[in-house]
Amino acid sequence: MDSADRPSRSAPQGRELVPVLRAVANGDRTALSVLYSRTSSKLYGICSRLLDNQAEAEDVLQEVYMTVWGKAGSFDEHKASPVTWLAVIARNKAIDRLRLRRTGTETLDAAQDVADDSASAIELIERDQDSRRLANCLDELEERQQLCIRAAFLDGASYPQLAERQGVPLGTMKSWIRRGLLRLKGCLEQ
Amino acid sequence: MTLPPISTDEREQLAAELALGVLQGEDLVRARSLYAADTQFRSSVGEWLGRFAPLLEEVEPVEPGPQVWPSIERRLGAPAAANDNVQSIRRKLSLWRGIAVGASALAASLAVVVLTRAPEVAPPFAAQAPPSMVAMLGDERTGGLLVASWQPAQNSLRLSAATPLPGDPAHSHELWVIPADGTPRSLGTLATAAKMQMRVDRQLSRQLQEGATLAVSVEPVGGSPTGLPTGPVIASGKLERA
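Protein chains in written order, with this note's numbering: chain X, 1 to 190; chain H, 1001 to 1242.
Among the hints, erroneous ones may be present.
Claimed, not checked - Negatives, chain X to chain H, calculated, CB over 12 Å: (1) D28; (2) E58; (3) R144; (4) G167; (5) V168; (6) P169.
What the hints assert, rightly or not - Partial selection, computed: residues in chain H whose CB lies under 10 Å from chain X: (7) V1045; (8) E1057; (9) Q1067; (10) A1215.
Hints listed in this document are in silico derivations from the structure and should not be mistaken for laboratory results.
Where is the CB? At the ideal position from N, CA and C, for every residue including glycine.
Model the full structure from these sequences, guided by the hints.
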């Protein structure tokens, strides 16, 4: 889809950070410091909510900006707004850190190997959805589905953790979430 | 490791689960290897992340500790003008701190951000290492266009454009500095590339002070024939300490 199809997307969402990210991609440290001062409290908010530990959250925040320093060239303003792109990187990094904490070392090693390969790309595609639309579609789900999807994305809860919290078997939890995701997609695509 | 083939529906489901962050163990490994190997799968994950991303808007911003930025700087390697850096960035941080990062606040155009900020008075005596400066050149209509950063220690003026400047064989883009006396001085014409770096004549570099305006005008090929801007200004912004 051409970006010109959806001009409404680009205008209101922090466009002024687009050239800043471009400058970061060109290796401009000053631009990185500007980006940090504009976005670090938002990104730190995300890290600290997920990790609930100051030292770890600050450590992950550092990693986020190191990643941005290295990968700013892969930011595509036609696919996502700068703030959303940054927020998703922070959220994904924090989730990775959570996994480090809780995964058994055996599976972790295997997962890490693959993670290193895939780290070369940060894929994020925003369509026209906004927060109100997402909220409306989440509201159409069963309450427990909504609750679990939010807990997974915002607090980093995994399938086993969600199953335990809700007191249901793992298989039941998986099918709740999967049904919820299907419905969510259908609603957002309407 | 060979993985059994999976159906389109299964893939879509796995992409959603990877984006949501619920997977563990074998499923996670499987999803990640697909992500690494398969661009279509990567796009599906990207679309799911885009669907969930608005949830992040509700997370409250929290100020990180003051030592985080210096740590990042250390990891980047020793900066060239180390003297001034930490302090200048602190100053910058305190300036920007008041600006909320919520989407609505970010909607405020660059011009507004620059205008509402209290001007800082330049120190009467230049410090040993002149401070780095940055200017965001934009207009209210399009938001940011160019970021200029001036490193006096390296005599390097770098420009990065959000999009390459529109190529027009009949015209050139000329960069100007307009210091406190209000008289524009040409810094040269700009290439159409998205990034460029230029050296500045020593005499002229004294004009690159905090508060001076940088502007880009449209001129005949090769630059203004009069030594002053003759065409429309398409972007401008003030230099600030980095």
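Each hint tested on the structure:
| no. | hint | verdict |
| --- | --- | --- |
| 1 | D28 | violated, 5 Å |
| 2 | E58 | violated, 5 Å |
| 3 | R144 | holds, 14 Å |
| 4 | G167 | holds, 17 Å |
| 5 | V168 | holds, 14 Å |
| 6 | P169 | holds, 15 Å |
| 7 | V1045 | holds, 6 Å |
| 8 | E1057 | holds, 5 Å |
| 9 | Q1067 | holds, 8 Å |
| 10 | A1215 | violated, 15 Å |
Comparing the model with each earlier hint shows violations of hints 1, 2 and 10; every other hint is respected.
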